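The task is simple: from the sequences and hints, build the whole structure.
One line per chain: the protein sequences are A and B, in this order. If you read the first sequence in the working numbering, its first letter stands for residue 1, the second for the next number, and so on. If you read the second sequence in the working numbering, its first letter stands for residue 1, the second for the next number, and so on.
Derived from the structure by calculation, the hints contain no laboratory data. Source: prediction; values computed, not measured. Wrong hints could be hidden among the right ones.
The list treats identical chains as interchangeable, and a pair is accepted whether it falls inside one copy or across any two copies.
[As the list claims (entries may be wrong)] The calculated lysine to any residue pairs, modelled on SDA-like cross-linking and capped at a C-alpha distance of 20 Å, are:
(1) K18 / E75
(2) K18 / R79
(3) K496 / E566
(4) K18 / R139
(5) K98 / S53
(6) K207 / E70
(7) K40 / A475
(8) K558 / N473
(9) K207 / D195
(10) K68 / Q152
(11) K18 / R142
(12) K40 / R162
(13) K104 / Q325
(14) K448 / D185
(15) K448 / E181
(16) K18 / S140
(17) K104 / R115
(18) K18 / A513
(19) K68 / R199
(20) K558 / A500
(21) K207 / S232
(22) K40 / S53
(23) K558 / A503
In case you want the letters, here they are:
Protein chains: 2
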Amino acid sequence: MRALPWRSGGSYPPALMKYSLLFAPTLRDDPADAEVVSHKLLLRAGYIRRVTSGVYDYLPLGLMMLRKVEAIVREEMNRAGAQELLMPMVQPAELWQKSGRWEKYGRELLRFADRHDHESCLGPTHEEVICDLVSRELRSYRQLPLNLYQIQGKFRDEVRPRFGLMRGREFVMKDAYSFHETEEDLRREYRNMYDTYCRIFSRLGLKFRAVEADTGSIGGKSSHEFHVLADSGEDLIAHCQSCDYAANVEMAESRRSSPVFADAPLYEVATPGITAADAVAAALGLPVAALVKTMLYRVVGGTHDGEIVAVCMRGGDQVQEVKLQRQLGATGVALASEAEISAVGGIVGYVGPQGLRCLILADLSLRGAVGMVVGANRAGHHTTGFSFTRDLGAIEWADLRTASPGDHCPRCNGTIDLSRGIEVGHAFALGRAYSEPMGVAYQGRDGKREVAVMGCYGIGVSRLVAAIVEQCNDANGIAWPTHLAPFTVALIGIGKSEAAQAAVADLYAQLNAAGIATLFDDRNERPGVKFRDAELMGLPIHLVVGDRALERGMIEIKQRGGEASEVELTDALAVVRALIG
Amino acid sequence: MRALPWRSGGSYPPALMKYSLLFAPTLRDDPADAEVVSHKLLLRAGYIRRVTSGVYDYLPLGLMMLRKVEAIVREEMNRAGAQELLMPMVQPAELWQKSGRWEKYGRELLRFADRHDHESCLGPTHEEVICDLVSRELRSYRQLPLNLYQIQGKFRDEVRPRFGLMRGREFVMKDAYSFHETEEDLRREYRNMYDTYCRIFSRLGLKFRAVEADTGSIGGKSSHEFHVLADSGEDLIAHCQSCDYAANVEMAESRRSSPVFADAPLYEVATPGITAADAVAAALGLPVAALVKTMLYRVVGGTHDGEIVAVCMRGGDQVQEVKLQRQLGATGVALASEAEISAVGGIVGYVGPQGLRCLILADLSLRGAVGMVVGANRAGHHTTGFSFTRDLGAIEWADLRTASPGDHCPRCNGTIDLSRGIEVGHAFALGRAYSEPMGVAYQGRDGKREVAVMGCYGIGVSRLVAAIVEQCNDANGIAWPTHLAPFTVALIGIGKSEAAQAAVADLYAQLNAAGIATLFDDRNERPGVKFRDAELMGLPIHLVVGDRALERGMIEIKQRGGEASEVELTDALAVVRALIG
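As structure tokens, then:
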């Protein structure tokens with residue numbers, strides 16, 4: 001029987017460990033079901049294991065990483081003046097009925113009945129619970145402002161969980177909720193949290209962008225998402241190359257000068273069987289930018305509910321449906337059917353704005369456009385020489401297109417670029433969207449009842465672990481930044497001599513005494529396996545003690561991914577210290 | 001607008017805090033629905049708030065206590081060689097079907113279907129998940145032993161949650177699972193965990209007992225419960241006043257010399273209408289110890305399923321049904337109906353062992369008893385002069401009685417006492433009860449497939465917070481041990497002079513610099529309110545800065561619950577340091 005690890009020290013995370021005593025099973029090959037690099041590597045390097053769809057075990061290494069990220073989030077939240085508490089995962093339906101979300105929230109809210117048939121749910125977020133708590137304790141404006149947060153397990157019943165920790169169903173989140181007397185004080189705290197998030201992601205060594213975002217199902221007034229830039233990201237972000245403007249592509253404003261072609265009278269040309277913008281342009285010998293596409297949509301919700309609307313967009317541009325929806329105050333838009341197109345006077349494939357019996361919206365980039373080509377609303381025909389101002393009555397101008405690379409920045413006129421991002425944080429200025437229905441009220445300065453103004457601020461803690469891996473990896477595995485790695489040093493004994501065994505034991509003791517987190521690979525494995533696993537796990541500094549070098553009093557030192565060099569055994573600790581910095 | 005707390009420091013838990021910035025609402029009166037002292041005080045002192053039945057918010061003070069207990073548990077588990085990981089709360093039904101508990105576990109297992117109609121549950125314990133994990137990674141005996149633990153939120157749908165954190169539905173538990181090659185190695189680790197638990201509860205300053213226990217629904221071979229002794233405990237524990245023998249009363253062995261009365265021939269006496277043991281004894285002019293009660297039970301499950309059995313017990317003693325059940329290898333026992341009594345030859349109210357047509361068991365304390373009184377199995381009659389050996393054929397002798405105060409200890413013959421206990425820990429030697437059905441197998445030393453031997457070890461972390469309060473409280477509130485209190489010092493400014501304000505600010509800075517966790521009560525409240533809240537919250541050292549004492553260069557210092565005395569302002573820090581020790 002072997003001794004178990006940590007016999008002589010109880011610190012957490014463990015400062016030192018022998019690999020033979022660490023439950024960190026590695027895999028030689030990429031698991032078949034893992035698509036993105038963080039999912040593959042966290043599985044292969046023994047950080048996580050799947051329990052069921054979107055639900056994972058954090059093995060000891062995975063938990064160390066979760067705790068490291070948590071600690072940085074906690075430290076910065078505390079520094080920013082927020083107070084940590086802990087709310088439950090199981091929540092009663094009554095609270096969600098009070099806020100109105102029991103009906104509104106989709107199937108991601110996992111609902112169930114307990115043994116007394118009491119309807120409950122697993123908390124995907126905690127606005128209801130925190131409002132219920134604060135509403136019962138808040139009496140006076142003197143108790144405000146208040147910023148309460150927790151780091152806690154959440155559950156969202158995603159329809160298609162994927163990418164490992166990136167879009168799981170059970171995950172760890174930091175969620176903070178702030179309460180204020182005024183919108184102005186909310187803006188102050190919102191900025192405070194914004195700055196705090198920037199500090200957190202910077203400390204984690206991440207390339208990130210704070211982007212303007214749609215408020216989505218949480219509701220409220222304004223909102224920022226924090227995205228880690230990575231090719232595997234599920235979101236598309238438009239950001240300026242010159243200033244710090246960035247926005248989710250669903251929201252991103254972008255500018256472009258309107259296309260102006262030679263002014264000409266209207267002229268109907270035959271374009272039989274030619275309907276796609278680029279094909280029409282080619283047939284007419286014009287650039288695609290001279291084309292105006294006219295798309296018909298059916299509106300869902302809002303004051304235009306059930307109506308058909310037309311959207312004019314330059315050839316080659318895409319309608320951004322989230323923008324269209326917001327412009328119409330709708331809850332959804334859907335492309336019109338053939339019957340609906342005919343009903344407002346359009347001809348499928350040849351729809352143009354002229355003569356349509358419906359509301360017409362046009363993208364701002366077309367304002368002042370002259371000499372354009374539009375569908376003629378006559379089968380097999382287009383109209384050239386079209387000018388919006390000359391040839392059409394009142395229409396609605398709006399920013400409706402999807403920003404594209406090369407557009408001008410709405411702030412500084414710099415050049416817009418698109419990147420993929422992983423959403424790791426979100427801040428919402430909620431206003432009174434929750435505090436009003438949940439009754440979070442207090443006696444104000446003038447003695448009257450006031451409803452608190454709220455903000456909420458989330459960080460995907462477990463998702464951050466994956467996001468770091470997405471940014472820090474190479475062909476051989478994870479490449480943790482030195483200050484984040486679960487162990488700073490991989491100590492690898494490959495010598496079989498007594499001298500080598502003694503040297504490695506002595507180094508282990510030295511590193512231990514110096515408080516440098518070290519994984520001592522004492523396994524009875526080939527050197528190649530040990531080197532491979534140290535690379536795969538992402539440990540930053542590798543020390544190798546072999547027989548031949550040791551005869552010369554030397555050992556090998558290598559920074560992960562770099563070249564190996566020899567140092568005197570007696571200098572090893574000092575060199576490691578210098579590398580850690 | 002006020003500044004928010006911790007602006008200048010990010011440590012956790014916060015070393016210093018102003019009360020005006022702490023979300024710790026106190027209540028003047030006991031909440032109506034709280035029965036036990038820990039529930040009352042944790043609510044009143046602003047540590048917890050109820051969300052729904054058996055589900056609580058941990059406010060900042062409550063979370064600090066949870067984390068303090070967690071830290072001690074974690075440190076000792078790591079020191080003992082266990083490795084921490086983290087498993088999910090949501091578990092798939094398949095795993096529970098594999099272990100056989102999906103059907104067997106009662107309604108405390110909260111089951112639900114997810115959006116894809118996949119049956120799942122909230123984990124009340126994690127044997128299935130850990131076995132599934134280990135079974136997929138375990139290959140060789142070289143990987144054993146292994147002890148994996150987590151500190152994690154659990155859910156048990158208790159039929160009657162009560163007593164606040166003592167019997168909640170959502171709670172925090174430390175659960176460890178060990179895997180071994182042999183029973184012998186399991187016993188070594190079981191002892192290691194036993195010792196670890198004793199260290200943990202000792203470090204928490206608790207009066208506790210490790211007691212032998214029934215294995216209950218977890219299954220397995222042997223089991224210990226760890227009980228904190230407190231009048232509000234839901235369990236009854238028999239323990240020796242001389243040695244460390246202790247056992248749950250359901251299990252406790254106890255000895256007593258058999259009653260020997262004058263030997264006499266059998267004689268039937270009329271006892272019309274007299275059936276209760278003490279009434280019969282009184283009528284015959286004998287002590288109740290001369291009576292033998294004969295109880296008839298119907299057996300459920302096991303080889304005796306459906307049979308009626310008789311149990312003979314001395315007058316004044318109680319049948320311990322859990323012992324009876326174990327003796328019979330049954331899953332349950334129930335008192336027989338009148339029809340069932342008649343069917344085996346008994347007469348209700350006058351049942352005796354003679355002539356019964358069923359298996360007869362008698363409590364060991366009756367072995368060798370002579371000159372006893374038994375029912376005559378004839379209406380209105382008892383038989384005197386009864387001797388088990390002389391007057392009855394073969395019967396089964398077993399320890400079937402509930403231990404009572406004054407019994408002899410089965411180990412040292414000392415005196416047994418009964419106390420109430422709060423179960424805060426549990427260790428089970430599971431053997432192969434889970435590893436066999438879950439397929440936790442490996443290649444053994446001789447190359448053959450072997451099934452791992454298992455142990456599991458739980459600690460109720462959130463319940464421990466309540467248990468500490470049950471032992472540490474007085475009429476004014478909680479009395480935390482100094483090393484556990486959320487803040488060591490309550491700094492109370494009651495002076496209105498500029499000098500007093502300056503002195504209190506200076507003391508706060510001094511305590512801060514010394515790293516002494518201090519709650520500075522800067523609220524605009526009457527001194528009485530501040531004193532009351534410091535006592536209620538259980539802060540160990542109170543410093544009071546008032547105008548009059550300060551004119552003499554003095555401040556007041558008090559240990560919670562003790563007498564106030566004056567110290568020189570300039571000595572205050574040194575005195576606090578000395579008190580902390």
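Evaluation of the provided hints:
1. K18 / E75: between (30 Å within a copy, 18 Å between copies)
2. K18 / R79: between (36 Å within a copy, 14 Å between copies)
3. K496 / E566: Classified as within: same-chain Cα gap 19 Å, cross-chain 69 Å, threshold 20 Å.
4. K18 / R139: Cα proximity of K18 and R139: across copies only (19 Å, versus 55 Å in one copy).
5. K98 / S53: between (31 Å within a copy, 18 Å between copies)
6. K207 / E70: within (19 Å within a copy, 34 Å between copies)
7. K40 / A475: The answer is within: 12 Å in one copy meets 20 Å, while 58 Å across copies does not.
8. K558 / N473: The answer is within: 17 Å in one copy meets 20 Å, while 57 Å across copies does not.
9. K207 / D195: Classified as within: same-chain Cα gap 15 Å, cross-chain 48 Å, threshold 20 Å.
10. K68 / Q152: both (15 Å within a copy, 17 Å between copies)
11. K18 / R142: This pair counts as between: shortest inter-copy Cα distance 14 Å, intra-copy 54 Å.
12. K40 / R162: Intra 12 Å, inter 45 Å, cutoff 20 Å: intra-copy only.
13. K104 / Q325: within (18 Å within a copy, 52 Å between copies)
14. K448 / D185: The answer is within: 19 Å in one copy meets 20 Å, while 70 Å across copies does not.
15. K448 / E181: within (12 Å within a copy, 71 Å between copies)
16. K18 / S140: between (56 Å within a copy, 18 Å between copies)
17. K104 / R115: between (25 Å within a copy, 16 Å between copies)
18. K18 / A513: This pair counts as within: shortest intra-copy Cα distance 15 Å, inter-copy 38 Å.
19. K68 / R199: Intra 15 Å, inter 27 Å, cutoff 20 Å: intra-copy only.
20. K558 / A500: within (18 Å within a copy, 60 Å between copies)
21. K207 / S232: within (14 Å within a copy, 55 Å between copies)
22. K40 / S53: Within. Shortest intra-copy distance 15 Å satisfies the 20 Å Cα cut-off; inter-copy 41 Å does not.
23. K558 / A503: Within one copy only: 18 Å inside a chain, 56 Å across chains, cut-off 20 Å.
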